[in-house]
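J.: Protein chains in written order, with the working numbering: chain L, 1 to 198; chain Z, 199 to 707.
Check before you lean on any hint, since a few could be wrong.
[Claimed, not checked] Simulated pairs of lysine to any residue, SDA-like, Cα-Cα distance not exceeding 20 Å:
#, chain 1, residue 1, chain 2, residue 2
1, Z, 261, Z, 237
2, L, 3, Z, 404
3, L, 3, Z, 489
4, L, 184, L, 104
5, L, 3, Z, 347
6, L, 3, Z, 219
[To be verified] Where chain Z lies over chain L, by a calculated footprint (3+ residues, C-beta under 8 Å):
#, region
7, 15-22
8, 86-92
9, 137-143
10, 161-170
Since the hints were derived computationally from the structure, they do not count as laboratory data. Beta carbons are placed, not taken as given, at the ideal position from N, Cα and C, and that holds for glycine.
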Amino acid sequence: MKKAYLFVLGGSGTLLLSAFLFVLLPRLQADPIQKAGISAQLPYTEIQARGRKLYIEYGCIYCHSQQVRDPAAGADASFGWGRPSLPSDYIYDKPHLLGTSRTGPDLSNVGSRQPSREWHHLHLNSPRDLVDWSIMPGFPFLYREVKSPSKPAEGAIELGEGEGRWLFPSEEAEALVDYLLSLKRDGEPQPAPSETKP
Amino acid sequence: MDTQVLFLILTFAISTLGILAFIVALIQKQVLVPPRAATAIFAEGELGQGESDQTSSISRQWKALDQSARGPILYFFLSSVAWLLLGSLLGLVVSIKLHSPEFLGGYDFLTFGKLRTLHLNIIAYGWLSFAGLGLALWLVPRIAKVPLQRPAILTVAGTLWNIGVCLGCLGILYGVSDGLEWLEFWWPIDILLAIAGALVAIPLFQTVWRSDEEHIYVTLWYTLAAFTWFPVLFVIANTHFLHTGVQQGIVNWWFAHNVLGLWVTPLGLGIIYYLLPKIIGKPIASYQLSLFGFWGLALFYSQVGAHHLIGSPSPTWLINVSIVMSVGMTVPVVTVAINHHVSAFRHLHVLRDSVVLRFIVFGAMMYTLSSLQGCLHSLRTFNYITHFTHWTVSHAHLGLYGFTTMVFFGGIYFAMPRLLGRDWRHPGLVNLHFWLASVGVLIYAVALGIGGILQGMELRNPDGSFEASLRVTLPYLMARSGGGTLMLLSHFLFAYNIFDLLRGKEVSS
Chain L
1 MKKAYLFVLG
11 GSGTLLLSAF
21 LFVLLPRLQA
31 DPIQKAGISA
41 QLPYTEIQAR
51 GRKLYIEYGC
61 IYCHSQQVRD
71 PAAGADASFG
81 WGRPSLPSDY
91 IYDKPHLLGT
101 SRTGPDLSNV
111 GSRQPSREWH
121 HLHLNSPRDL
131 VDWSIMPGFP
141 FLYREVKSPS
151 KPAEGAIELG
161 EGEGRWLFPS
171 EEAEALVDYL
181 LSLKRDGEPQ
191 PAPSETKP
Chain Z
199 MDTQVLFLIL
209 TFAISTLGIL
219 AFIVALIQKQ
229 VLVPPRAATA
239 IFAEGELGQG
249 ESDQTSSISR
259 QWKALDQSAR
269 GPILYFFLSS
279 VAWLLLGSLL
289 GLVVSIKLHS
299 PEFLGGYDFL
309 TFGKLRTLHL
319 NIIAYGWLSF
329 AGLGLALWLV
339 PRIAKVPLQR
349 PAILTVAGTL
359 WNIGVCLGCL
369 GILYGVSDGL
379 EWLEFWWPID
389 ILLAIAGALV
399 AIPLFQTVWR
409 SDEEHIYVTL
419 WYTLAAFTWF
429 PVLFVIANTH
439 FLHTGVQQGI
449 VNWWFAHNVL
459 GLWVTPLGLG
469 IIYYLLPKII
479 GKPIASYQLS
489 LFGFWGLALF
499 YSQVGAHHLI
509 GSPSPTWLIN
519 VSIVMSVGMT
529 VPVVTVAINH
539 HVSAFRHLHV
549 LRDSVVLRFI
559 VFGAMMYTLS
569 SLQGCLHSLR
579 TFNYITHFTH
589 WTVSHAHLGL
599 YGFTTMVFFG
609 GIYFAMPRLL
619 GRDWRHPGLV
629 NLHFWLASVG
639 VLIYAVALGI
649 GGILQGMELR
659 NPDGSFEASL
669 RVTLPYLMAR
679 SGGGTLMLLS
689 HFLFAYNIFD
699 LLRGKEVSS
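Using the sequences plus the hints, can you model the full thing?
T.: Here you go:
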């Protein structure tokens, strides 16, 4: 069976050809966009980057995409998810979080669509309190619930109405919400402001 | 614009060169095979006899070869079964979580996103890889007609691989991961897996090298290629940190699709090409056709990955290449289908006696079905509906379960009694396993496929809402849990059958 080398060589050949097409060639196209640094998305701050890590850790990507399709492909625009995505929207994304599933809504511009910090905390703590048809998992372990007749401290969020239940977000929850609020890929691509350059 | 044109010309030139090389290879005598090569897997007197599920019919020649690596192969099989039980249990839990989100809800380690990732990685790197490797190690000596060389290395390799998968899973639970789908394991663990994989390849290639057989049987083409493809793929994919944003997404899906097509699929097809003729006792319908099947897979499959990025801001030329190649996949799929199904339909009566053949034929049918499904939904018009929906999950399970897992079940049911020299004590339970698993996966795939299409149509409806696209899937998600329950039950039966075989006594010869 000395001819086994034919299959090893032929096999590596076809795969290397595809690696050339998929890894090298598009890279040549991507590099200038990366270099130009012109993007609708701002570079992530330290705390936003930490929130992004949590987004990855809790597997948000398995249900939420971060890419808006052309109107020809889907109703993304009429759902209020924003303009079709551009390659330059992702120049700070490493690892990429484009996603392949829309079991949940697209989050490309969730920071513009839902700018309320409080809403995000209440929603992350218990999604069905706000959206009764949601199938998203809750993250109550990122919050501390306190009973008190009046607002116990700065930063507490009221749960329900006048029930005396208050929510304290953990550092993680704050970071995650910071990240979600930073997602605003709906503007015109612009050079990064000099003070936020990474 | 100029660069785009340049890319197109380059792509075209490279593809043409590739096809030319392919034609040259075909004309070469080394590759054009004598028809008698198809009978190389039969010992003297076996042709026309067929081999039953029972071990008593096994010839002395195969027995000696099987024994050459009995220990490590059994180790691989048992590891695979353990991972299968854990992985599919997690699969059912995440399936239930999708329609009943409060089920086991509210705990960090039990979050959907973590358990789903564990399910995928355990099934891909635990169950499928171990079962596929074990079966390859059993098949290679039989085809090379040389005892497996250096089997001791395999125990080390298997243990390293087990440790790698364990650590990778712990990493996912504690938030240490690379964050790319199918590449979640933290990169140092990937290095460990790469070393373990290379250690498996050494005995395998050495066995092939020692062989004096003039012709290489088709199963071994696939095995040799798979063992070439996976390391190259895995190493290149793990340099994903060199890329950013959309470009990284392209590398990600190049890997994720190829790990199915160039690692799991060839191992599965190799097993069908061996067991199908072996059990019916007749060589495969057209040995020449299998050439097209193999080289077609090599050429087309490696370039289909970007159809996962239709609608994303990836370069259009790249997505077009992937769509063309995805449609090109009909060539290898149809040739393999003709080969397998014609062989099977000429000997349908054997299905009555051989439960193993049921697994194999079912797997071959699902390969055809899921592959044609893949060609279809890589077309833009169809992909616009199915993209981002549960259809993709249904398709993945039709391929990885209906095809590969079922074929691996059949392979293990065939190989284990021969390795141990014992018969299955309860063939009825093996048969029950087949029915639970096959009905389970059909319910799963059909329900989720329909649910996915409906979801996709809602996601395209400009007057609709996201809420509608979610609500419409709920009954189908529940049906999926039903199918999944049957599949999980069948796995416990599988584990019981193996446990039962291990504690049995050897058949006196």
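J.: Could you run down the list of hints and mark each one as holding or not?
T.: Now the hints, each set against the structure:
no.	hint	result
1	261(Z) with 237(Z)	19 Å, holds
2	3(L) with 404(Z)	13 Å, holds
3	3(L) with 489(Z)	15 Å, holds
4	184(L) with 104(L)	18 Å, holds
5	3(L) with 347(Z)	19 Å, holds
6	3(L) with 219(Z)	17 Å, holds
7	15-22	holds (count 8)
8	86-92	holds (count 6)
9	137-143	holds (count 5)
10	161-170	violated (count 0)
In summary, the one numbered hint that this structure violates is 10.
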